[in-house]
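Following the hints, put chain G in place on chain C, whose structure we already have.
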Amino acid sequence: MTSVVDLAAIGLTLELAAVTTTILLVLGTPVAWWLARTRSAFKGAVGAVVALPLVLPPTVIGFYLLVTMGPHGPIGQFTQALGIGLLPFSFAGLVVGSVFYSLPFVVQPLQQAFEAIGERPLEVAVTLRAGALDTFFSVVLPLARPGFVTAAVLGFAHTVGEFGVVLMIGGNIPDRTRVVSVQIYNHVEALEYAEAHWLSAGMVVFSFLVLLLLNRRKRGSVR
Amino acid sequence: MKAVLARLLCAAAVLSCGTAPAAEVSVAVAANFTAPMQKIAAEFERDTGHKARLAFGATGKLYAQITNGAPFELFLSADDTTPAKLEQEGVAVAGSRFTYAIGRLVLWSAQPGVVDDKGEVLKRGAFAHLAVANPKTAPYGAAAMAVLRRLGLADALAPKLVTGENIAQTHQFVASGNVELGFLALSQVWADGRLTGGSAWQVPAELHEPLRQDAVILAAGRDKPAARALADYLRGAKAAAIIRSYGYGL
Numbered sequence: 001m002t003s004v005v006d007l008a009a010i011g012l013t014l015e016l017a018a019v020t021t022t023i024l025l026v027l028g029t030p031v032a033w034w035l036a037r038t039r040s041a042f043k044g045a046v047g048a049v050v051a052l053p054l055v056l057p058p059t060v061i062g063f064y065l066l067v068t069m070g071p072h073g074p075i076g077q078f079t080q081a082l083g084i085g086l087l088p089f090s091f092a093g094l095v096v097g098s099v100f101y102s103l104p105f106v107v108q109p110l111q112q113a114f115e116a117i118g119e120r121p122l123e124v125a126v127t128l129r130a131g132a133l134d135t136f137f138s139v140v141l142p143l144a145r146p147g148f149v150t151a152a153v154l155g156f157a158h159t160v161g162e163f164g165v166v167l168m169i170g171g172n173i174p175d176r177t178r179v180v181s182v183q184i185y186n187h188v189e190a191l192e193y194a195e196a197h198w199l200s201a202g203m204v205v206f207s208f209l210v211l212l213l214l215n216r217r218k219r220g221s222v223r
Numbered sequence: 224m225k226a227v228l229a230r231l232l233c234a235a236a237v238l239s240c241g242t243a244p245a246a247e248v249s250v251a252v253a254a255n256f257t258a259p260m261q262k263i264a265a266e267f268e269r270d271t272g273h274k275a276r277l278a279f280g281a282t283g284k285l286y287a288q289i290t291n292g293a294p295f296e297l298f299l300s301a302d303d304t305t306p307a308k309l310e311q312e313g314v315a316v317a318g319s320r321f322t323y324a325i326g327r328l329v330l331w332s333a334q335p336g337v338v339d340d341k342g343e344v345l346k347r348g349a350f351a352h353l354a355v356a357n358p359k360t361a362p363y364g365a366a367a368m369a370v371l372r373r374l375g376l377a378d379a380l381a382p383k384l385v386t387g388e389n390i391a392q393t394h395q396f397v398a399s400g401n402v403e404l405g406f407l408a409l410s411q412v413w414a415d416g417r418l419t420g421g422s423a424w425q426v427p428a429e430l431h432e433p434l435r436q437d438a439v440i441l442a443a444g445r446d447k448p449a450a451r452a453l454a455d456y457l458r459g460a461k462a463a464a465i466i467r468s469y470g471y472g473l
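Line order of the protein sequences matches chains C and G. Under the working numbering, the first sequence has 204 at position 204, and the numbering climbs by one with no breaks. For any residue, its number in the working numbering is found by taking its place in the second sequence, counting from 1, and adding 223.
In isolation and in its complexed conformation, chain C is listed as follows (with noise of 0.2 Å):
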């Protein structure tokens, strides 16, 4: 039973992970190319705000999540509006927690291939008469692309590893909100140490392997 269970939490958090990592990427690159070439005053500011999530503690972010997408808050009133109800608790309402929590991992690696790529191919696309959008997707895209792995992988492995978040929003609720960082929570609190240990240390496993194949992938660039 207790398998299942933690089949069903592996499940959902790799398609929480792969529904987040897809609206990040589609999101954050308009964004993350806006911080590359703006000079706007209002650079600064949204940039620190993409950066919020990085130094705000999950349960200030899950908390405010909650109460604006409450019954109450302004998102959640606007939600019940449009008739496809409340968020939070939902897999849906997840994919919004996500999608604000794991933004810096996206955005940021994508703005620093954005800036990376420098004005001067930019400059010759034009002089030969491309458009925006054709040099946006043949010139940008292929020369960032090294910036969409990492942006993805990155967006994808903090997803996984979410826990505060999930747990105020999701209300650890079987099958629909119960990630695999919940379901260890669920395990300690039960004090089922051993089956606490397997998911952890496939955790472990999982984010090493990932940070490694990054660490491979940047030193095969560099040369």
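Note that these hints are calculated values from the structure, not bench results. Virtual Cβ for every residue (Gly too), placed ideally from N, Cα, C. Check before you lean on any hint, since a few could be wrong.
[As the list claims (entries may be wrong)] Among chain G residues calculated to face chain C with C-beta under 8 Å, some are:
| id | residue |
| --- | --- |
| 1 | Thr257 |
| 2 | Leu277 |
| 3 | Ala391 |
[Stated by the list, open to error] Not close to chain C: a few residues of chain G, all C-beta gaps over 12 Å, as computed:
| id | residue |
| --- | --- |
| 4 | Gln261 |
| 5 | Gly272 |
| 6 | Lys284 |
| 7 | Asp302 |
| 8 | Pro335 |
| 9 | Gly348 |
| 10 | His352 |
| 11 | Leu380 |
| 12 | Ser422 |
| 13 | Glu432 |
| 14 | Arg451 |
Using the frame of chain C, we list chain G on its own:
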């Protein structure tokens, strides 16, 4: 992946379902009651055919979730004040509150021979640290501090206190040997009617306020037969035996 999981879950559900029309009940459970509740829920599913969906968490966190729209139908709190508050706020069904377990406090060490069965070890003070749960948030921590005050040792032992965020973390401090002894829930070191290891003093209940753990049916469970059924089941003989076997009083 999803299809395989769904099939596995179905198999598990079929095993636990009887022939009665199956309904589902969503239960928020205080973390300290995780293990007994898993056992009770399994028996409940076998006996009634209803399915209990259990969500565990710290009582304060569960309270925040319930008041912010969490879809729980029954709430098993770690104290008696939170369910009363929910009832006052109209989030819980009035009159549905009952005590499902009474916590017992224990002074425990992972090593045999450290704690004597009268708690004299506290007066001798021959230890570097004493673990308690945060008295502000954990009822067991508050009870532990009350005991120290009653024994007149609160001030003398204050420099030696190590505070766990909750009772489970406090248990980890002591079980890992990082702290020599600490005040825990008896249910954490008790199985099948006896101590699982180490040495202990079962603190007499009159030294602190009773650690009543109350359950209440929430607004979402008002018209759910499965919620009523589980509330009744918790008061039944089978559940009582399980609750006692984990070191809780009734």
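How the hints compare with the structure:
Interface restraint check for G:Thr257: the shortest CB-CB distance to chain C comes to about 4 Å, inside 8 Å, so the restraint holds. Checking G:Leu277 against chain C by beta carbon gives a least distance of about 7 Å; that is within 8 Å, so the hint holds. This hint holds: G:Ala391 has a C-beta 5 Å from the nearest C-beta of chain C, less than the 8 Å allowed. Distance to chain C contradicts G:Gln261 as a non-interface residue, since its nearest Cβ pair spans about 7 Å, not more than 12 Å.
The beta carbon of G:Gly272 is kept farther than 12 Å from every beta carbon of chain C, the shortest such distance being approximately 17 Å. At roughly 7 Å from the closest C-beta of chain C, the C-beta of G:Lys284 falls inside 12 Å, breaking its exclusion from the interface. Every Cβ of chain C is farther than 12 Å from the Cβ of G:Asp302; the closest lies at roughly 16 Å, confirming the non-interface assignment. Distance check for G:Pro335 against chain C: the nearest CB is about 19 Å away, which clears 12 Å, and the non-interface claim stands.
With a closest Cβ-Cβ approach of about 29 Å to chain C, G:Gly348 is found to remain outside the 12 Å limit, as its non-interface label requires. The claim that G:His352 lies off the interface holds: its Cβ sits roughly 21 Å from the closest Cβ of chain C, which is beyond the 12 Å cut-off. No Cβ of chain C approaches the Cβ of G:Leu380 within 12 Å, the least distance being about 26 Å, so the stated non-interface status holds. Against chain C, the non-interface label of G:Ser422 holds: every CB pair exceeds 12 Å, the least being about 18 Å.
Here G:Glu432 stays apart from chain C, with its beta-carbon at least about 23 Å from theirs, past the 12 Å limit. The beta carbon of G:Arg451 sits about 21 Å from the closest Cβ of chain C, which is more than 12 Å, so the claim that it is off the interface holds.
Hint check: violations occur at hints 4, 6; the rest are consistent with the structure.
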